[in-house]
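*Asks:* Next come the chains, spelled out residue by residue.
Protein chains: 2
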Amino acid sequence: MTAATPAPRRRGRRPAGEDTRGAIVAAAREQFAARGYEAVTLRAIARAAGVDPRLVHHYFDGKEEVFVEAVGFPVRPKTVVEGVLGSGPDGVGERLARAFFAAWDGPSQRERVVALLSAVLASPEAAAMLREFVTREILLRVAGELGGDRPELRAAMCGAQMIGVAMVRYVVRIEPVASADVEELVRLLAPTLQRYLTADLTGELAGGPAGGDRA
Amino acid sequence: MTAATPAPRRRGRRPAGEDTRGAIVAAAREQFAARGYEAVTLRAIARAAGVDPRLVHHYFDGKEEVFVEAVGFPVRPKTVVEGVLGSGPDGVGERLARAFFAAWDGPSQRERVVALLSAVLASPEAAAMLREFVTREILLRVAGELGGDRPELRAAMCGAQMIGVAMVRYVVRIEPVASADVEELVRLLAPTLQRYLTADLTGELAGGPAGGDRA
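Note that the protein sequences, when read in sequence, are chains X and V.
Each residue of the first sequence is one higher than the one before, counting from 1 in our numbering.
Each residue of the second sequence is one higher than the one before, counting from 1001 in our numbering.
Accuracy of the hints is not assured; some may be wrong.
Residues from chain X that keep clear of chain V, each with C-beta distances beyond 10 Å, as calculated [stated by the list, open to error]: (1) 30; (2) 44; (3) 54; (4) 68; (5) 77; (6) 85; (7) 105; (8) 111; (9) 112; (10) 145; (11) 175.
A few chain V residues that don't get close to chain X, going by computed Cβ distances all over 10 Å [claimed, not checked]: (12) 1026; (13) 1055; (14) 1068; (15) 1105; (16) 1152; (17) 1180; (18) 1201.
Partial pick of chain X residues on the chain V-facing surface, computed with a CB cut under 7 Å [as the list claims (entries may be wrong)]: (19) 55; (20) 99; (21) 103; (22) 116; (23) 141; (24) 160; (25) 163; (26) 168; (27) 179; (28) 188.
Simulated from the structure, these hints should not be mistaken for lab results.
Quick reminder that beta carbons are idealized off the backbone N, C-alpha and C, glycines included.
Assemble the whole structure, with the sequences as input and the hints as a guide.
*Replies:* What follows is the structure, encoded as structure tokens:
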């Protein structure tokens, strides 16, 4: 268990290159499925793959990159977060809605997305894993960078809205959402996501017809 | 197959009362699971139960009542629709959010709700059945009564938002939504549902930063 020396290659010698990379991805897939996204470390993946942790760093730019490849997630979180944040809070809801459909709705992605959602529907562990990943690496980063209070609540509400749309559009296929134009859905979702990300929640929660008292 | 005569009791004689009622419910459960909510008729349920269709009408006030009992749905749709519609469009989003949590969040309902959602997560057919029921008997009735254009789209968007919240709060349990106060969630959801139900979608879709052209 010394930190910098290569872990013992219990599974036999392995030639360098694609085979090692493939072994890392396969080990990561098992680790994430068994333990979720947050609990798994690059070191644990290296140990499970029987490779030196430095090799994981050599092939992948961080845990989120291993995850993207291991589960076939359709986009790189860094790219999405940068694009969604853009130049600031104005229009961030629309950019998030657009990024969501760009990731899930393209002709080449749909197959991967249905496979991902099927795994999620078949297993609460898979659902938790994917949600941890999306929340931590995309939504929480976006909400955090915008600087509002309660970024976790904002991220979770955006996640809830988008999970629901994904279920209705891709899994259960309820019309007219299932075959609606992406532009139309973007315009429906954009103000909702914009509000969850940037509205003054304190003010909103204190005022309005809902009042301040419990029923 | 003559309409008004009792169907043959192929499964043997059955005493009147709870046993017949139970047979109807059991047959309905099988029918809905196999064929979804919309495709099943009261006549088909009667046939599957081996009872006269008039007995189904005797015990249940319509297909939605049979469904409520067959799947353990936590509320009667008619009661919900009347309460949500209230005196008109003002505050309908808040009343829908409140009805949603009243149905799902009570101490006695949670067990049933988790059972329902587990069935949905385990089977796309169960998901479709439940979604058909909620959309047709609750959301579409609310959206239709409000008189706006495109009630199906409005109902589906409300459904998408609430399914997502149910997933995040009850199934995957992402904080802070999982343990948030119901009143707080009502105030977050109310403006979203209000907009989906009553906003001028034509105007919204034509204007705004999203523009009118496809990218």
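*Asks:* Against each hint, give a clear statement of whether it holds in the structure.
*Replies:* Right, here's what the structure says about each hint:
no., hint, verdict
1, 30, "holds, 21 Å"
2, 44, "holds, 22 Å"
3, 54, "holds, 34 Å"
4, 68, "holds, 20 Å"
5, 77, "holds, 17 Å"
6, 85, "holds, 16 Å"
7, 105, "holds, 12 Å"
8, 111, "holds, 16 Å"
9, 112, "holds, 18 Å"
10, 145, "holds, 19 Å"
11, 175, "violated, 7 Å"
12, 1026, "holds, 25 Å"
13, 1055, "holds, 33 Å"
14, 1068, "holds, 20 Å"
15, 1105, "holds, 12 Å"
16, 1152, "violated, 5 Å"
17, 1180, "violated, 7 Å"
18, 1201, "violated, 8 Å"
19, 55, "violated, 33 Å"
20, 99, "violated, 12 Å"
21, 103, "violated, 15 Å"
22, 116, "violated, 14 Å"
23, 141, "violated, 15 Å"
24, 160, "holds, 4 Å"
25, 163, "holds, 4 Å"
26, 168, "holds, 4 Å"
27, 179, "violated, 11 Å"
28, 188, "holds, 6 Å"
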